[in-house]
Amino acid sequence: MGASQSTESNLMASIQRHLSKIVVAPSFAASLFFVYGFILWTGYMAFSKSRMLPVWDWAGLRQYERLWQMERWHVAIENLLIFGGLFIVTCLFIGCLLAVLLDQRIRAEGALRTIFLYPMALSFIVTGTVWKWLLNPGLGLESMMHDLGWTSFKFDWLVNSDMAIYTVVIAAVWQASGFVMAMFLAALRGVDQDIIRAAYMDGASLPRIYFGIIIPSIRPVFLSAIVVLAHLAVKSFDLVIALTGGGPGYSSDLPATFMYTMAFQRNQLGVGAASAMMMLATVMAIIVPYLYSELRGGKKNG
Amino acid sequence: MYLRKTILATGVAFSALATASFAHAEPTAEVLHWWTSGGEAKAVASLKEDFEANGGTWVDSPVAGGAGDAAMTVLRSRVLSGDAPAAVQLKGPAIQEWAEQGALAELNDVAAAEGWDDVIPAAIQDVMKYEGDYVAVPVNVHRVDWIWANPTLLAKVGVESAPTTWDEFNAVADKLQAAGITPVAHGGQPWQDATVFETVVLGLGGPEFFQSALIDLDEDALNSDTMKAVFDQMRKIRGYVDADFPGRDWNLATAMVMNGEAAMQIMGDWAKGEFLAAGKVPGKDFICAATPSENGYLFNVDSFAMFNVSGDDKVEGQKLLAELIVGEKFQETFNLLKGSIPARSGVSLEKFDDCAKKSEADLEAAQEAGGFLPSMAHGMALRGHLSGAIVDVVTAHFNSDMSSDEAVSRLVEAVELAKD
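Sequences listed follow chains R and X, in order.
So for the first sequence, the numbering used here puts the first residue at -17; every next one is plus one.
So for the second sequence, the numbering used here puts the first residue at 693; every next one is plus one.
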């Protein structure tokens, strides 16, 4: 009797000890299989001869060779560089500026903060559709200016194949800069007020305080913001589909839309998988150094 | 309350059991398709009614979205997991691709009993057969090479009928432009650019050139002066289009012709549905004419491919479905709703409109002249990766200031790359 009671309590104790692991295990197993398992599978597909259906025949680097010979892939990569670069830089600049301005203890800060953050609550499809209407020369901004009497006004980026990718930047910046602002605002509020007061005492001007003290002290936030924005840029898909549909022609294609076209519309699973692996490599190139510095930084602090 | 629930549950269980045991006895077919809206949905519903009236059980599997891309993704996973639907809306060389995987069932006994070889045009038979066996059934014939014109606008520049040569087309368009009328309504989406492109190939090169360039992918044809002339003409057409064309849906371009904002649109006969839905009368409110070519006819045929299924009820259901689809009654009702013409001979066209009658007459003439050809832009002529490579070049040329020489050399390169 006593023995069975003690095994029971032992069992209870060990369940309690491992409860957190038991709870996490299913989702851990699921993500191991559905995320990492499928990454491996896609990796293999990129080395196979797959076209319509997945097959296991080895093709070596042939799919990668074909990928890099495609004019359209080069357009997609070039667009990613333009879009990613401008999107990250502009978002950081606007986000930081808004945060600094909001930080001046102004009235109605709460309302303004909500207004700036609100676009982030929308789906990219909605953003894309609204901006498509706004930027369409026959419907939106240009036709409004013409109606107001400014007939020489011209803004046809959306239908110009050299400029279409920049409209994607505009819409994406509109959506994400409020979020960057929120990140910066939180960091600004965390800066030690005593240091700022001390700088005031020493007669430093406000810009000087920001550039010399506050912004350097919130440097980690820049890094986090860049990582968040960079992966948003690489995986951008719905925004392009809604805004330009990859057009005119395929001039505003991004790697994600390229991958979708190849894998699901053209029965080119192999090339699609190869482009997906290239996207993964791009994201890894950003995330891995970040994680490395984060983990090392953690050790130093501990 | 509790009692009522129990009774209800038992009742449901019994009726489920009853239908389950009953279902084994009757032909069943699961149909995967993406005809989910408007006339297309009505057309599918008519097939379902027909099937059920003949004692079958119809299991509907509509997958909307992406013009069939979503349905194809579903199909792939269903086939890989060994649970294929009985009939799937598939067309063109995709049928051959699935047949090569050994996924399709043959329908030869139904075909022999119904005499399909005698009633289905030979060029369409080729698409429906794999190694001589019927594996799919055609439901309709859409013609791609149409011009839809607004007669009021044409009359303004003294033109009474649609042009019959591409030179005449350019002359009419120039006149319209001079009169301040947008000559061509067009939507700048890759498939629409490709639709215009293939009608120009057919017109300037003729049926034989179309065959060797866009079906056999002969390098000499792709790299020829004729192809350069085709791209020159595309550049001209680009000049006849209004500035806001990129990204426009085809039905909005059709509406421009209807509302008198543009004079002509080059589009398949699904555009007719838009005119008819607005109460317009062919010949009076709008003109349907073939794009300039010598007895050419580009067809776009929708079809259902029959997948391997197990179980007598399912095999029976599949055969019944195939028989009904090719049957005269269904071909008539379906095509009246869809705006196309029947894919078989022997169906009276009495109830059809004048454009459909012209389509049928031209089909016969084109068949005799050897100009009855599958559409490249609509996935009838080439496998997805090959037509995709061509469409990429066409749309890149149309939407930039690329020269015709460069377009031709890119075309040759892209096709070469896609082939291996």
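I should point out that these hints are in silico values taken from the structure, not numbers from a laboratory.
Values in this document were obtained by computation on a predicted structure and should not be read as measured data.
There could be a bad hint or two in this list.
[Said to hold, decoys possible] Taking lysine to aspartate or glutamate and the EDC-like style, the derived pairs with C-alpha atoms no more than 16 angstroms apart in a straight line are:
(1) X/Lys1043 <-> X/Glu1008
(2) X/Lys1111 <-> R/Glu47
(3) X/Lys1011 <-> X/Glu789
(4) X/Lys1021 <-> X/Glu789
(5) X/Lys1011 <-> X/Asp825
(6) X/Lys1021 <-> X/Asp825
(7) R/Lys31 <-> X/Asp752
(8) R/Lys136 <-> X/Asp908
(9) X/Lys1111 <-> X/Asp910
(10) X/Lys848 <-> X/Asp977
(11) X/Lys976 <-> X/Asp1046
(12) R/Lys114 <-> R/Asp138
(13) X/Lys740 <-> X/Asp936
(14) X/Lys734 <-> X/Asp752
(15) R/Lys31 <-> X/Glu852
(16) R/Lys217 <-> R/Glu60
(17) R/Lys114 <-> X/Glu789
(18) R/Lys114 <-> X/Asp1112
Task: Hints violated by the structure (numbers, ascending) - done: Hints 1, 3, 4, 6, 7, 8, 13, 15, 17, 18 contradicted; others consistent.
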